[in-house]
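Dock chain B against the given chain A, drawing on the hints supplied.
The listed protein sequences derive, respectively, from chains A and B.
Per my numbering, the first sequence starts with residue 1, numbered consecutively.
Per my numbering, the second sequence starts with residue 1, numbered consecutively.
One thing to keep in mind: the hints can contain errors.
In this list, chains with the same sequence are indistinguishable; a pair is considered to hold if it fits within one copy or across any two.
As the list claims (entries may be wrong) - Straight-line Cα separation of at most 30 angstroms, DSS-like style, residue types lysine-lysine; simulated pairs: (1) LYS336 to LYS173; (2) LYS336 to LYS155; (3) LYS155 to LYS45; (4) LYS45 to LYS336; (5) LYS4 to LYS90; (6) LYS171 to LYS138; (7) LYS67 to LYS336.
Just so you know, these hints were derived from the structure itself, not from any lab.
Keep in mind that this is a model prediction, so the values were computed, not measured.
2 protein chains.
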Amino acid sequence: MTQKATLSGVIFRPHFKTHQSLAIGRWFREFGITKITVSSLTAAKYFAQDGWNDITVAFPVNLREIKLINELASEVRIGLLVEHSEVVMKLNQELKFPVDIYIKIDTGYHRTGLGLNEMPEIIQLTSLIEKSPLMTLKGLITHAGQTYGAHSADKVISIYHSSTGVLNEVKQKLGKAGESLILSYGDTPSCSLVERFSNIDEIRPGNFIFYDLMQLIAGTCNFSQIGGIVVCPVVAVHPSRNQTVIYGGAIHFSKEFLALDGRRIYGQLVELDTNGWHQPIPDAWLVSLSQEHGILEAPDQVIRNLHPGMIIGVVPVHSCLTANLLQGYEMTDGEKGDYLTGI
Amino acid sequence: MTQKATLSGVIFRPHFKTHQSLAIGRWFREFGITKITVSSLTAAKYFAQDGWNDITVAFPVNLREIKLINELASEVRIGLLVEHSEVVMKLNQELKFPVDIYIKIDTGYHRTGLGLNEMPEIIQLTSLIEKSPLMTLKGLITHAGQTYGAHSADKVISIYHSSTGVLNEVKQKLGKAGESLILSYGDTPSCSLVERFSNIDEIRPGNFIFYDLMQLIAGTCNFSQIGGIVVCPVVAVHPSRNQTVIYGGAIHFSKEFLALDGRRIYGQLVELDTNGWHQPIPDAWLVSLSQEHGILEAPDQVIRNLHPGMIIGVVPVHSCLTANLLQGYEMTDGEKGDYLTGI
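Okay, chain A solo, but in the shape it has when bound (with noise of 0.2 angstroms):
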């Protein structure tokens, strides 16, 4: 991804939502990343105590929380999302220290962000901002999450190119306001597929890190490049039911769920000995989740040979969430990672 970025001559400003782990920002800083996005504040002080100094938080402001703001904005450097004119006047009142600000643009995805359609909101915006003594205004931010729903990579890509057009162009009708914005793009389904960022200045991909059976089946990577697995003990093995009960239920893989020739799946065996995980098992899922229950359904030859006691390993269908349950990590050679303490 650092290489890409390089390539395309964009900022590589990863998102750290999905890892959440001082450890393994610390990979990140050997690429010479020194630019971060987070989705909290909590986030960003938990990553600013460790040295990061330049990180946008991607989550339209939170009024509740100016003084954790100011508190940061003391120390490094915050980029902050805003998509309100009332929650920049809000701003102005309390800030302290000076922030960057980037206003959310919305692409198509529809979750937050002002779109094409609201050009007088987004003007008036600007000129809030501009007037503003503490906040510079950086750039448009989009995160085109509709790419989740695309299931081919020609689908992700038209996204890819659709969205980046409506920045571009927010930033065209803008005029001299514009001019000096950069246009800020995210999400690992077009960061993945896109091989050449044209039109655009920052990617902030985040999921990339780990990937996941979600990812796996929209083919936004493959197999080797799925980086995190959940190891889990047998518990109960009924093979009259071609079935094997898990240690490992709702509040250790969410219950996040891909809907597979009409059944809810959520997540895949996969082979595993004492080298770590290797190829995924065909036909072996996870099917069913309660609280801490996980129900593992394979053909008979697999669930012959579980037994209570043993371990086996599972690809989550949606990384960013199982690691926020699982809160730490093992490397395969035992090694420890932290992960994000608070919520």
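Using the frame of chain A, we list chain B on its own:
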């Protein structure tokens, strides 16, 4: 629930897996409760440190935790669930202190346990347990989790009757070996809707401490019995699509959903003021969750009154998973409550 258990002459051994809180556990002491159920050895240890000394771990024995089992068994009375003779044989080799044993019976949920068609295995288990010097066979235990899929009180009550029927039939078929065994029965829907418990000796409901939207819509509880909501800041409003973005996502609520009129529902908005929360607001639903974002969809007049910086209250779909994610409580009077430390 305590009154109902007393009137029926059954042991009330509440499941603490929903709240996982020492503070809330102490409320049960005021009702004379001395025996509890938990879903992990970690939880057993957590509650043992607060003086609970008769704890059933209602999850199949995880042989990889034998050290923790011995540690707990040296300090308190621990009940373990078994369903495999190989697990019993391994326990027999490794146990250093006495434990109570319950055989897990599958009365129709088909998650764990042995069914009526597996009497030879059940008989083999009883004889293995009886021969073990440190294991005392205490009873037959079931969780009729299929009541969660029943969509009427009649159906829940009918499952209760068939499930307790299976328990009694297994006991009878065990003959002399079954005579002294207690029959332990779980699940909040049954224990909420059945007025008088007959044919069983112990109940283990857990979710009823908070209930949630799932139970409300299933008719297991009424709104005034709901004991916990999630309080979230508003971070963006989009009146043009009747939506508000809240700081409350999958890492706060969990991805558990209800299918209502073809939509996925992750929570319902309630009236909230400084005195706590009141009535649910009609047609005001949490309709989408990503990692930190929640999308609330509501009628025009509701959305018009929401502004960034305000806080709102949402009844979660599944309180067990939401409590697990939020890792703590705040009472309406401001008092804080703990949640289990560790996974």
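So which of those numbered hints doesn't the model satisfy? 1, 2, 3 and 5
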